[in-house]
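Colleague: Just need the whole structure built from these sequences, with the hints factored in.
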Amino acid sequence: DGGITQSPKYLFRKEGQNVTLSCEQNLNHDAMYWYRQDPGQGLRLIYYSQIVNDFQKGDIAEGYSVSREKKESFPLTVTSAQKNPTAFYLCASNSGTGVYTQYFGPGTRLTVL
Amino acid sequence: RKEVEQDPGPFNVPEGATVAFNCTYSNSASQSFFWYRQDCRKEPKLLMSVYSSGNEDGRFTAQLNRASQYISLLIRDSKLSDSATYLCVVNGRGSNYKLTFGKGTLLTVNP
Chain A
3 DGGITQSPKY LFRKEGQNVT LSCEQNLNHD AMYWYRQDPG QGLRLIYYSQ
53 IVNDFQKGDI AEGYSVSREK KESFPLTVTS AQKNPTAFYL CASNSGTGVY
103 TQYFGPGTRL TVL
Chain B
61 RKEVEQDPGP FNVPEGATVA FNCTYSNSAS QSFFWYRQDC RKEPKLLMSV
111 YSSGNEDGRF TAQLNRASQY ISLLIRDSKL SDSATYLCVV NGRGSNYKLT
161 FGKGTLLTVN P
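These protein sequence lines map, in sequence, to chains A and B. In terms of the numbering used here, the first sequence opens at residue 3 and continues consecutively. In terms of the numbering used here, the second sequence opens at residue 61 and continues consecutively.
For the record, the hints were derived by calculation from the structure and aren't laboratory data. Virtual Cβ for every residue (Gly too), placed ideally from N, Cα, C. One thing to keep in mind: the hints can contain errors.
As the list claims (entries may be wrong) - In silico DSS-like pairs for lysine-lysine, Cα to Cα no more than 25 Å straight-line:
(1) LYS102(B) with LYS158(B)
(2) LYS62(B) with LYS59(A)
(3) LYS139(B) with LYS59(A)
(4) LYS85(A) with LYS163(B)
(5) LYS158(B) with LYS59(A)
(6) LYS158(B) with LYS72(A)
(7) LYS158(B) with LYS73(A)
(8) LYS105(B) with LYS59(A)
To be verified - A few chain A residues that face chain B, going by a derived Cβ cut-off under 10 Å, partial list only:
(9) TYR50
(10) VAL54
(11) ASN55
(12) GLN58
(13) GLY60
(14) CYS93
(15) GLY107
(16) PRO108
(17) THR113
Modeller: So, in structure tokens, the structure goes:
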């Protein structure tokens, strides 16, 4: 089955720790995205990548970092510099060839204790 | 004006009702428009793309008015399973790859 997987589903972190959220896709999509969703809020773009070894900051990149070493993978690290990291994190991808529909993974709920 | 603005809701309707969602967008250069559906604590899923001439998919009808920068979604004969948050989505400023999401409108269909 083709799709996007994210792990873990739930993640608990102590303040001051960095954590890395996994996102893998087997759709052969070029572009991948990370969003954050807070209760009652729309999705906000953290980072996106259009091709391997290249990525751009979204609207709320501060306190986050990403890498894109493989087409299939786009991990997100939430660093201790992110002041309010508790949120629902969603990874998405699209083919990046003029069709802009994005497909989402099931998300990771991060809670900072 | 916000990039994408939706009716705040929530909407509570009985089964079988017709319900309309409205959305406005600020970027007149936007070219791609979508409605996504998000169930509670789940990821958004594409409901339908919105085309210039309007389009229909079963009980769902989407309309686009470029002059007014307005998008709508109509659900006819609503079902309990239609209960969800509906997100208006537009391709954003500066890059065709980026999408901007509205905050969503919560719909509850009651028996």
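Colleague: So, for every hint listed, does it hold in this structure?
Modeller: A quick look at each hint next to the structure:
{"no.": "1", "hint": "LYS102(B) with LYS158(B)", "verdict": "holds, 21 Å"}
{"no.": "2", "hint": "LYS62(B) with LYS59(A)", "verdict": "holds, 20 Å"}
{"no.": "3", "hint": "LYS139(B) with LYS59(A)", "verdict": "violated, 40 Å"}
{"no.": "4", "hint": "LYS85(A) with LYS163(B)", "verdict": "holds, 22 Å"}
{"no.": "5", "hint": "LYS158(B) with LYS59(A)", "verdict": "holds, 11 Å"}
{"no.": "6", "hint": "LYS158(B) with LYS72(A)", "verdict": "holds, 21 Å"}
{"no.": "7", "hint": "LYS158(B) with LYS73(A)", "verdict": "holds, 18 Å"}
{"no.": "8", "hint": "LYS105(B) with LYS59(A)", "verdict": "holds, 24 Å"}
{"no.": "9", "hint": "TYR50", "verdict": "holds, 7 Å"}
{"no.": "10", "hint": "VAL54", "verdict": "violated, 15 Å"}
{"no.": "11", "hint": "ASN55", "verdict": "violated, 16 Å"}
{"no.": "12", "hint": "GLN58", "verdict": "holds, 8 Å"}
{"no.": "13", "hint": "GLY60", "verdict": "holds, 8 Å"}
{"no.": "14", "hint": "CYS93", "verdict": "holds, 9 Å"}
{"no.": "15", "hint": "GLY107", "verdict": "holds, 6 Å"}
{"no.": "16", "hint": "PRO108", "verdict": "holds, 5 Å"}
{"no.": "17", "hint": "THR113", "verdict": "violated, 13 Å"}
Of the numbered hints listed earlier, those contradicted by the structure are 3, 10, 11, 17.
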